[in-house]
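Given the structure of chain A, go ahead and fit chains B and C onto it with the hints provided.
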Amino acid sequence: MRAALPKRPVKYLILSLFLVWTLFPIYWMFSLAIREKGELFGALSLVPRSFSFEHFVDLFKTKAFGLSIVNSLTVTLISLSLALALGLACAYILARARFRFKLKGAMLFWVLLLRILPPIAFALPLYILMSDAGLLSTKIPLILSHLLINIPFIVWFMITFFEALPVEVEESAAVDGASEQQLFLRIVLPQVLPGLTAVAILSFMTSWNEYLYSAIFVQSPRNFTIPLTLSTLNSEQELTQWGNIAAGGVLSLVPIAIFVLFAQNFLIAGLSGGAVKE
Amino acid sequence: MKKKSNALYAYMMSSPAMLVLTVLSIFPLLFILWYSLTDYYYLSTRPPRFILFDNYAKLFQDRYFMQALGNTLRFTALAVFFEVLLGLAVAVLVKSFKRGQEALRTVTLLPTLLPPVTVALIWQIMLSNNYGLINNLLGLFGLGPVNWLMDVNTAFYAILVIDIWQYTPFAFLLLYAAMQGIPQGQYEAASIDGAGRWAQFRYVTLPNVLRNVLMVTLLRVIDTFRLFDKVNILTKGGPANTTATITQYIYHNGVNMFKVGFASAASVVMTLIILFLAAGYIRQNFKAREKAGR
Amino acid sequence: MKKTLSLLLAILLVAALAPSALAEPTKLVIAARGGSHVDVINAVKAQFEQENNCVIEVLGLENPDLKQKIALDSRNKAGAYDIVMLDDPWMPEVTEAGMLLNLTEKGYQDDADFVPASLALGKAPYGTGDTFALPFAGNVTLLFYNAELLAGAQVPDSWQGVLDVAKAVNAQDGKVGYVIRGQQGNPIVGDFMPLLWAFGGNIFDADWNVLVDSQQAKDALNLYIQLLANGANYEKNDIVSSVADGKAAMSLGWPSWYISGKASTAGYAKIPGKVDADSAENPAGMIGNWLMGIPANTQHPDLALQLLTYLTSADTQKAAASSGAVPTRISVFNDEALAQEYPFYATLLEATQASRERPRTPRWGDIENVFGIELSNAISGIKTVDQALADAKVAIEDVMR
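Chains as they are written, first to last, in our numbering: chain A, 1 to 278; chain B, 1 to 294; chain C, 1 to 401.
Keep in mind that the hints were calculated from the coordinates and are not lab data. In this text, all values refer to a predicted model and were calculated from it rather than measured experimentally. There may be inaccurate statements among the hints.
Unchecked claim - Mimicking EDC-like on lysine to aspartate or glutamate, the simulated pairs with C-alpha atoms at most 20 angstroms apart in a straight line are:
{"no.": "1", "chain 1": "C", "residue 1": "K393", "chain 2": "B", "residue 2": "D62"}
{"no.": "2", "chain 1": "B", "residue 1": "K58", "chain 2": "C", "residue 2": "D73"}
{"no.": "3", "chain 1": "C", "residue 1": "K218", "chain 2": "C", "residue 2": "D386"}
{"no.": "4", "chain 1": "C", "residue 1": "K383", "chain 2": "B", "residue 2": "D62"}
Same shape as in the complex, but just chain A (with noise of 0.2 angstroms):
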C-alpha cells in the first residue's frame, strides 16, 4: 500500500504485456477462423479484411465436425460420469480412518503410481487386450482407457477434500442412526460439491484433449474425436487448410470456456479449498 503510486503504472505495464503475450494467439486463432479463404495467403494483415463463416460451414459440411463433436461428447461425459461415480467412493473410503481394510496401503500407492507413470507404456498392451477382446469397432477402448486417466487424478484431488472436513458431522449423524450410505450421499457430499465441481472441470478437459490413447485405440472415423479430426486437417500431402484448422479450434475451446465461465468461482473456492494444500 505504501509506495503504490510509483509502482502503479508499472504493474499495468507488466499486466497488460502479461494478457497481451497470454491473449494474442488466441486473438489471431479467431482472427484466421474468420476471414475468407482468399484472405488466408501470405503476408495477413493483424485485423481481419473479410468475414466468413465459411471455414465453420466447410468444417460441418465436408468434415463431417458434428459428427466428432457428438462423438467427443459420448466419450466424455460417459466417462467423466463413470470416473466421478467409482472415483468419489473410492477416494471417500481411503480418506476416512474409520475404514480399515487389508488392503487400503496397497491401494492408496496403486492411485498414486497410476497418476504418475507415462500413458504411453499402457497404449500397446491395452490395444492388444482390447484388439482380443474384440472391442475396437466401438467407443469402449477409449471410455476405458479414459477411465485409466480420470480415475487416479478424481481419487487422489477428492481423497484431500474429504480429509479436510471436520469427521464430527459425520459422527454426530451415525449416532443419530444414519447408515453409512445415508452419511455419504447425505451429508458428505454436498459439503464437497465445490472441490467436486473444480475436479469434474479438470476431468472433463483432459477428457476432451485426450490426443495419444485416441490416435490408437480409434478405428474409424465414425468415432473420430475433435483432436482426432483436427489432426487429420494437417495433412502431409496435401496442402494445409489454416482457416478450417483455426475453426476448429475456436469450436473446440467453446464448451470448456463456457463451463469455466459459468463455475470459475466453484474452480476456485474448490481449488483453495484442499486440493492444492497437500
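Using the frame of chain A, we list chains B and C on its own:
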C-alpha cells in the same frame, strides 16, 4: 460387529474403481515388463523369443535414445521452472488488483484449456519462416527472418516457449487459488511490523504457498515429462534431434515400427525415471496417508 | 434430476455400444488415406454398388494412423477391411508379414497398361515377384519452379545448373534461390534422395552393403548444403506458397501439393538427373505411389478383387482426374482430352518412367528415421558432412542387423 459391516461397505465402495484400474493397468504393466525381455515384433509370423536384457543393452547404447532422454530432462527442468516462477509472479500480480480479478483469471486460463494439437498448429502458423506473423513483425525492425522451428539454435527454445505459454496459466490458477486461503490477518500483522511488499511476499505469501508450489511443480513435471504432441507436429524431433523426446522415441519404435519388445523396454526405463523423479513425493505422501488412514 | 441423469447416461451408453450399421447385403470397407483419395472413391463407387448389390464404406485415415490400423487389424482372424491403401515403401514390411492376399495366386493377370515403374511397386519381391497390390494413385517428386524468377532462363537440367540459378536469384533482394524441405525425418530424406541418386549414389548396393558414406553421397550432401546457403529451409505449406507467389525460385515436391495453383506462374519439371552438363544422366525422381491391396483376412476376397480392379481401371482414373488424382495408367496419361486440361501429364509420365523407388526393406521406417537425423545434423552444422554420413552408415547398419 460394527467394524465388520464397515469393512464390507468399504470394499463395496472402493472395489469397483480398483477393479477397473487393476484390469486396465496391472495387466498392461505386467505385459510390458514381460515384452521388454523378448524380441516381440508385432508383425512377426513366429512367436516372440526370450532375450533377457538385450533390449535394455541396445537402448542404452543407442545415442538417439540418450539424446531424447537428455532433451526430455532438460526440457522438463526448464519448462517447469519458468511455468511455476511465472505462475507465482502472475498470481501475486493479479491478487494485488482490487477489481477485475475474476475477469483476469478467466481470460488468462484460455491457453491451458486448448487441445495441445490446436496449440501446436496455431503456433506453427505464427512462427512460419515464410509469411509468419512473428517474422513479419521482426521484419518491421529490420530483423530476421528467423527459422524458429528448423534452426538448431532456436527450435528447442521455441517449443519451450510454447509450453510455457500454455501452462503458466495452469500454475497461476492453482497458486492463485492457494493464495485465496491465506488469512488476511497475516498480511495486516506483517504490515504493522513495517514489512514492505517484498517482505510480505517473502515472509507471508511464500511460506503459505510453498507446499502448493511443490505440488504444482510435481504435477507439471509429470505432464511435461510426457511431451509428445507439440514435438510431433512442429519439429518431428529435429533439427539435429534437438527436440526428440522419450515418448516420441517410444511412439516411433512401438506404434510406427511395431517393435513392441524394444519399445516396452524403453517404456519401462521411462517409468523408472519418472518414479525416481517423484520418489520423494510418493514416499512423503504415502507415509502421511498411511498415518491418517490407519 | 437423478433419474434424468441416469436416463441420459443409459442413452449415451447405448449410443456408444451400438454396432455401427444394421444388417446389409454385403458391406465392403476400404481403409484409405484421408483427403482427396476418399473423395475420388466416393465419387465413383455408386456404379459398383448398384451392379454388385453391395455397400462400400470408405474410411479416410492419416498416413501414420493408416499404416498402424492396417497392421494391427491384420492380426485379427476376421479382418475389418476388404481393401487397404498402402504407401509404396510399406510393401516389404506388409508382404513379409503375410498381411496381403496374393493377387496372382487369386488369378489376377498383370495389366500392361499400368506404368511399369508403378506396377513393380506392388510386387513382392519388388519388380519380379507375384502381384500383391495395384497402383491406385501415381506420384513422383518433381522440380517445382517459378517461371518469372527464372526470367527466361531454361529450367536447369543439372544440379550445378540448379545451384547457379539459385545463386543468381538469391542475390536479388527478398528472393529465395532454392527451398529445401529440411525437416528431420521423412521430409529431409525425401528431399535429399533425388540428389543422392543424381550423383550416382545410393543408400545400399545390390547386396545391402551401406553406401551412404561414399564420395557421391558426400558430394551430393555438400551441394545440398550449398543450395540451402543460397536459399531457405521451409515446411511444405511454406514451400508451396513461396514458389507459387514468386518469392522462391525452385524446390522439390509432390505434384499433389500444387494441383490447385493453376493461375500461378509456377510450373514443374522433371528433377535433374545429372551433376553438371557433362555428366551422365541418372534417374532421380522419387516415386511415391498409393497402392491398393486386399488384406489376407478379408471376409469377401472375390468381391474385393472385383472392386480393386474397378477402382484401378482406366475409367475410374479418368473420372478421378478432376479431383486431383494422378493416374498410374499409360492410356490415361495419354488421353487427349485429359492432356489438354492437364498439360503437366506428359512431364509426370516421363518423370514416373525415369523414377526410382526407395530401398525395398521392411526396415525402411527406421532407416528414414536415423538417416533423417544425421542429414539434419549435417545441414545445421552440428556435424561435418563426413562425420554425419559416417554416423549415418553406422546407424543404418545397426538398423539392418
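Results of checking the hints against the structure:
1. C/K393 x B/D62: 14 angstroms, holds
2. B/K58 x C/D73: With a Cα-Cα distance of about 29 angstroms, the restraint between B/K58 and C/D73 is violated, given a limit of 20 angstroms.
3. C/K218 x C/D386: The hint holds at about 7 angstroms.
4. C/K383 x B/D62: The hint holds at about 18 angstroms.
Figure legend: structure checked against the earlier numbered hints; the only hint not met is number 2.
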